[in-house]
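*Asks:* Listed below are the residues making up each chain.
2 protein chains.
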Amino acid sequence: MEGEPTLRLRIFNLNCWAIRYLSKRRQQRVRLIGDTLRQEAFDLVLLQEVWSEQDYSELKVKLAGCYPFSHYFRSGVIGSGLCVFSRFPILDMLLYQYSLNGYPYMLQHGDWFCGKSVGLGLGGFAGSRAGVRAPLLSLSLQLHAEYCRDKDAYLPHRLVQAWELAQFIRHTSKAADVVLLGGDLNMHPEDVGIRLLRGWTGLQDAFAEAMHFEGCKNGCTLVPDNCFTDKSELLPFPLGIRIDYILYKAISSFTVKCEELKTTTGRAPGVDIPFSDHEAVMATLHIQRQGQPAGATLGTADPALADVVTEARAEVGAGLRAARRQRYSSGRMAVLALLLLLLQAAAALATLAGLGAEQPFPKLSFCLLAFLALGVLVLATGLHLFHTMEVKMLHGTEDQMWMVLRALQERP
Amino acid sequence: MEGEPTLRLRIFNLNCWAIRYLSKRRQQRVRLIGDTLRQEAFDLVLLQEVWSEQDYSELKVKLAGCYPFSHYFRSGVIGSGLCVFSRFPILDMLLYQYSLNGYPYMLQHGDWFCGKSVGLGLGGFAGSRAGVRAPLLSLSLQLHAEYCRDKDAYLPHRLVQAWELAQFIRHTSKAADVVLLGGDLNMHPEDVGIRLLRGWTGLQDAFAEAMHFEGCKNGCTLVPDNCFTDKSELLPFPLGIRIDYILYKAISSFTVKCEELKTTTGRAPGVDIPFSDHEAVMATLHIQRQGQPAGATLGTADPALADVVTEARAEVGAGLRAARRQRYSSGRMAVLALLLLLLQAAAALATLAGLGAEQPFPKLSFCLLAFLALGVLVLATGLHLFHTMEVKMLHGTEDQMWMVLRALQERP
Chain X
1 MEGEPTLRLR
11 IFNLNCWAIR
21 YLSKRRQQRV
31 RLIGDTLRQE
41 AFDLVLLQEV
51 WSEQDYSELK
61 VKLAGCYPFS
71 HYFRSGVIGS
81 GLCVFSRFPI
91 LDMLLYQYSL
101 NGYPYMLQHG
111 DWFCGKSVGL
121 GLGGFAGSRA
131 GVRAPLLSLS
141 LQLHAEYCRD
151 KDAYLPHRLV
161 QAWELAQFIR
171 HTSKAADVVL
181 LGGDLNMHPE
191 DVGIRLLRGW
201 TGLQDAFAEA
211 MHFEGCKNGC
221 TLVPDNCFTD
231 KSELLPFPLG
241 IRIDYILYKA
251 ISSFTVKCEE
261 LKTTTGRAPG
271 VDIPFSDHEA
281 VMATLHIQRQ
291 GQPAGATLGT
301 ADPALADVVT
311 EARAEVGAGL
321 RAARRQRYSS
331 GRMAVLALLL
341 LLLQAAAALA
351 TLAGLGAEQP
361 FPKLSFCLLA
371 FLALGVLVLA
381 TGLHLFHTME
391 VKMLHGTEDQ
401 MWMVLRALQE
411 RP
Chain L
1 MEGEPTLRLR
11 IFNLNCWAIR
21 YLSKRRQQRV
31 RLIGDTLRQE
41 AFDLVLLQEV
51 WSEQDYSELK
61 VKLAGCYPFS
71 HYFRSGVIGS
81 GLCVFSRFPI
91 LDMLLYQYSL
101 NGYPYMLQHG
111 DWFCGKSVGL
121 GLGGFAGSRA
131 GVRAPLLSLS
141 LQLHAEYCRD
151 KDAYLPHRLV
161 QAWELAQFIR
171 HTSKAADVVL
181 LGGDLNMHPE
191 DVGIRLLRGW
201 TGLQDAFAEA
211 MHFEGCKNGC
221 TLVPDNCFTD
231 KSELLPFPLG
241 IRIDYILYKA
251 ISSFTVKCEE
261 LKTTTGRAPG
271 VDIPFSDHEA
281 VMATLHIQRQ
291 GQPAGATLGT
301 ADPALADVVT
311 EARAEVGAGL
321 RAARRQRYSS
331 GRMAVLALLL
341 LLLQAAAALA
351 TLAGLGAEQP
361 FPKLSFCLLA
371 FLALGVLVLA
381 TGLHLFHTME
391 VKMLHGTEDQ
401 MWMVLRALQE
411 RP
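Those protein sequence lines, which keep their order, are chains X and L.
Using full-length UniProt numbering, you'd call the opening residue of the first sequence number 1 and step up by one each time.
Using full-length UniProt numbering, you'd call the opening residue of the second sequence number 1 and step up by one each time.
Only chain X is shown next, with the shape it has when bound in the complex (with noise of 0.2 Å):
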């Protein structure tokens, strides 16, 4: 096995922090990151948060020589965010958008508007001197940001989120040789949904599987030392903390090794300011023909898996019962508003018809509570449709993962 032909593969992964008008110093970090690209000539570039379409044409222009293919995935209303730039030809393209991504009336997390996706690019690679050649899978993405680690609003939606990404990988990548996965997962090591996803398929984490390793502590990509994080976030974790990676595995009758992982140090190389609030993801792999076929690789092997699914299950009926209690509090308003816009119009129908003596309230004042108890009735009519949804998705989550229980409880 020794003498089979080898490919490298150098990816690049990275949170570009690309907002117009708030994020700092985008322009100048983009060109950064573009002229950092060229330079370095990877084979297969992940980036996320390219929120503006402006910010992809421009590094497609400046990438156009050494990444001649690239895609960028457009959803939500501002946008999936995520683009991918390849040396290999990009065969065919999906997204996959999360049923569940947070909450459209929590502007200031926005995470919702963003219809946070994953872009799966289906591409050919081939080693130049030798005859590898073999379907890759490389998705890029990013999951629902963590506001408050104590007290995770959104664990349940990035739960489903995680679940979902698993489920898509692998009813998506047998035709796949090997599958890359690099993204800003917004999930500790230790969390359970990065148990999850990486139970329920397999991938290998290649800050665990580096042979050699470069840079921050722990492979954190948040670190205090970058100018651009914020400072009182990272107070409970002096390090940092690891939440961007490249996972991988190999399907069929391939073997993936990471020889190296680098990861940026707060700031780019060479320079004085960073690429973005996180740190780059750099990994260089080694991809290698076996001799037979390595058999199931799907990771359900795994006895531990039994209890993540539970785990996760357990945290996504918690947030199933949350949403069942916000829809029943914002059907009930809708009903009460509605009662009181009935109540006024019995009231002003009875001064019409000159049943009571004279009008009991100000005009003004009666106007002005019923256009309050008409928005009441629309916003509550929204929020109860909104959380309606989310009932569905989280149930429907809940049962797949009772499906997979009962399976892997079958299986010996």
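These are computed hints drawn from the structure, not numbers from a lab.
Hints should not be assumed to be uniformly reliable.
[As the list claims (entries may be wrong)] In silico DSS-like links for lysine-lysine, alpha-carbon gap of 25 Å or less:
(1) L:LYS174 to X:LYS174
(2) L:LYS231 to L:LYS217
(3) L:LYS363 to X:LYS363
(4) L:LYS231 to L:LYS151
(5) X:LYS62 to X:LYS24
(6) X:LYS174 to X:LYS217
[What the hints assert, rightly or not] Covered stretches of chain L, going by a simulated chain X footprint (3 or more residues, C-beta under 8 Å):
(7) 85-99
(8) 165-178
(9) 382-389
(10) 395-404
Yeah, the Cβ is synthetic: ideal placement off N, Cα and C, and Gly gets one too.
Given the coordinates of chain X, work out where chain L should sit on it, guided by the hints.
*Replies:* Frame of chain X, contents of chain L only:
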């Protein structure tokens, strides 16, 4: 090859039209469907428009004996309406929700609220006498309804759905030996959406391939003989229309043949009422293992495919232009409402500061106008956000189609 073992698979597909409080004689019809399914003992039952989970639960209890495996797909506000009953184990499930599905403000059409989706069930089936064992990918689905054929405002949305469905099938079907799709596609056989779906996936139409057919003329599934159909809709089509399909293909070393296709003919067998306003479609398929793998069966060899994709892309482009116009006009309306509000605020402030001699408007009309402007602002902003998403998704689909066209043209 003649001597190879054969598996006979019987499939039942029906749009059940089971809307609570709205569909006529719903409970009686659901009971009738359950009784028939129990008597007939199909291998696989794909149902659409089972909007009430209670109806599903009743069917599940009734059918537990002959169809021990089943799944109900939850999505949207009302649900997806999709469910599957199977004699063979359902190993895994995935729900893909189309990114576009009508407009939330078209309440009378209601498609938006249903969260229309395709439900995928991966099952293993086994021939009892023979040694045929193959993973089966079965899909149950419904696309956006057509409300006016001459001026079909939803055509771009339905085409995006057909495209996403085709892409979904291409990406998820690699591990299956046989793909089966049953559903209400809301498209006539010669429509561009059907040609796109069939051309891009290589799926075969059971009606066209059936060795023996029995049922309504031309395989129609919305027929004037059915007492529940809207006769005025069918005036241009005196024989009826065919919009419910069973499609299939064999992927690897299998062949699939349609031995028989049947439809009901305006009423359920042996009784005087139909199952639904749609006719049921029942197929008997023969699945046989071939000597050698059949090779590429993704249907991309069809030289007419490029024309179909071009035609579909033109329709999506027309939809994109319309969505951009709507985005623009809703944005303009929001800006006008905001300006009016600002003007009013300025006038109120000026009065409060004693700059004007007296309030130029009566208080009541002033307040009413302000509330009206606020209402228009909220609604127009919501519409603007919605149409922005619509533009993103139509644009993304147009891009993907262009990429496929380029690949098709480059191929010899």
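*Asks:* If a hint holds in the structure, say so; if it does not, say that too.
*Replies:* Verification of the hints:
1. L:LYS174 to X:LYS174: Given that 25 Å is the threshold and the Cα spacing comes to 6 Å, the pair holds.
2. L:LYS231 to L:LYS217: holds, 17 Å
3. L:LYS363 to X:LYS363: Given pair LYS363 of chain L, LYS363 of chain X holds - Cα atoms ~10 Å apart, limit 25 Å.
4. L:LYS231 to L:LYS151: holds, 19 Å
5. X:LYS62 to X:LYS24: Distance ~22 Å between LYS62 of chain X and LYS24 of chain X Cα, so the pair holds.
6. X:LYS174 to X:LYS217: Roughly 35 Å separates the two Cα atoms, so the pair is violated.
7. 85-99: This one holds; 9 residues, not fewer than the three required, reach chain X with a Cβ under 8 Å.
8. 165-178: holds (count 7)
9. 382-389: holds (count 3)
10. 395-404: holds (count 6)
Taken one by one, the earlier hints fail for this structure only at number 6.
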